[in-house]
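Residue numbers (the numbering used here), protein chains in the order written: chain C, 1 to 228; chain B, 1 to 228.
Since no wrong hints were added, every one of them can be taken at face value.
Pairs involving identical chains hold if they fit within one copy or between any two copies, as the list cannot separate such chains.
Straight-line alpha carbon distances no greater than 25 angstroms define the calculated DSS-like cross-link-like pairs of lysine-lysine that follow:
(1) K155 / K20
(2) K167 / K216
(3) K20 / K182
FYI, nobody ran anything at the bench for these hints, they're computed from the structure.
2 protein chains.
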Amino acid sequence: MKHPNVSNNVIRRMPRYLRKLDELTEAGVSRISSGELGRQLGLTPSQIRQDFSCFGEFGQQGYGYKVTALRAEIASILGMDRGYSAILIGVGNIGQALMCNFSFSTWGFDLKAAFDVKPEIIGTNYEGIEILDMATLPEYLADNHVDVAVLCVPKAHAVSTRDLLMKNGVCAIWNFTNVELKTPDIPNENLVVENIHFSDSLLSLGYFVSYNNDEKAAQAAKLNKSTL
Amino acid sequence: MKHPNVSNNVIRRMPRYLRKLDELTEAGVSRISSGELGRQLGLTPSQIRQDFSCFGEFGQQGYGYKVTALRAEIASILGMDRGYSAILIGVGNIGQALMCNFSFSTWGFDLKAAFDVKPEIIGTNYEGIEILDMATLPEYLADNHVDVAVLCVPKAHAVSTRDLLMKNGVCAIWNFTNVELKTPDIPNENLVVENIHFSDSLLSLGYFVSYNNDEKAAQAAKLNKSTL
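Bound conformation, chain C alone:
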């Protein structure tokens, strides 16, 4: 697995390739050139070849990529065959939506249990995943290996839950709390965090909308002026 010289940007493109290859498989496409793959993804063929060359030789000159073989290689690069175990903490709306709608197993993750503090939901389950008492988390982690915690607790509990997880040996967090969990005092090798920052994404969208509107307004003004 170790790919010490591969940049984060390359890694982050891998899931996108995987999704595209799944789409191609569904559409009955069995072989694709880097040119066509690039066209469909808005990337240059040379960037695609360069990305894959970080991990070995997958394609064949003038012949393209075999979709299923490339898909298997990327799945393996991403460690989808490793059987990660996960727990979810905080069964509010977003936690519930993930438990009911997000297919963890499709992506190689086994969601083992969820944890919450609300007595009325402890002992119930969503899609077969039992909701356990948050107070039993340290005990659970002593008895069960957990690779990843999906963190959906309210903002105010984000940092304390991170600390509890790290203290009990969980060093990877899928973070839905909108709080920055990586702080300068935590060494990189001790904690891996991937964030879903809804607001960051929406704010970027807002920026691009305004930018487009201003562009159009400026063009219209220019046109107006030239036709005066």
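Starting from the known structure of chain C, arrange chain B on it as the hints suggest.
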């Protein structure tokens, strides 16, 4: 608003600055140096100064940034004061979670209505947002200005809903469908998309977990060997 020479990477850091500044305000911090801001965000002071310099002069040499003033500048850069209007399409678990938990108004968006095809939820509402019949969407868009559509429909309906939106003048989509909506045949200026790709994020996390595990295993093996 127009900032033609600002890279997307700079834009995408702006919401992160905004979140940090909100945290600082909450913590009662009124002034911060680029050095301290950088330390807290894992960025270099010069990168921070460079990012802000794209938009004008916000700080004062040797004096730092005024937190509330900088926050206001960034909010304005992002267009949060423009009063964007939004609709949500597809009130399943994720759509529901967004309607109930995500504070659109905090980020400058006015969520006006939601749309779905299920008769049993049409006419009901979440947090005061009414769920309207999907069949009435074109009519609604003819009568109401909408900047952004939040797309939470099942995968199979993603592309057809995008086309319906574009046909009716909505050219910005916040995309939760896990389907690529930007395709080579759609010019950039005609459609802006921001994606929340849950699986991409989780797969990247998986990669970094495996990478860390392999690193540790390799170090342990080396240590073992050297103590033989």
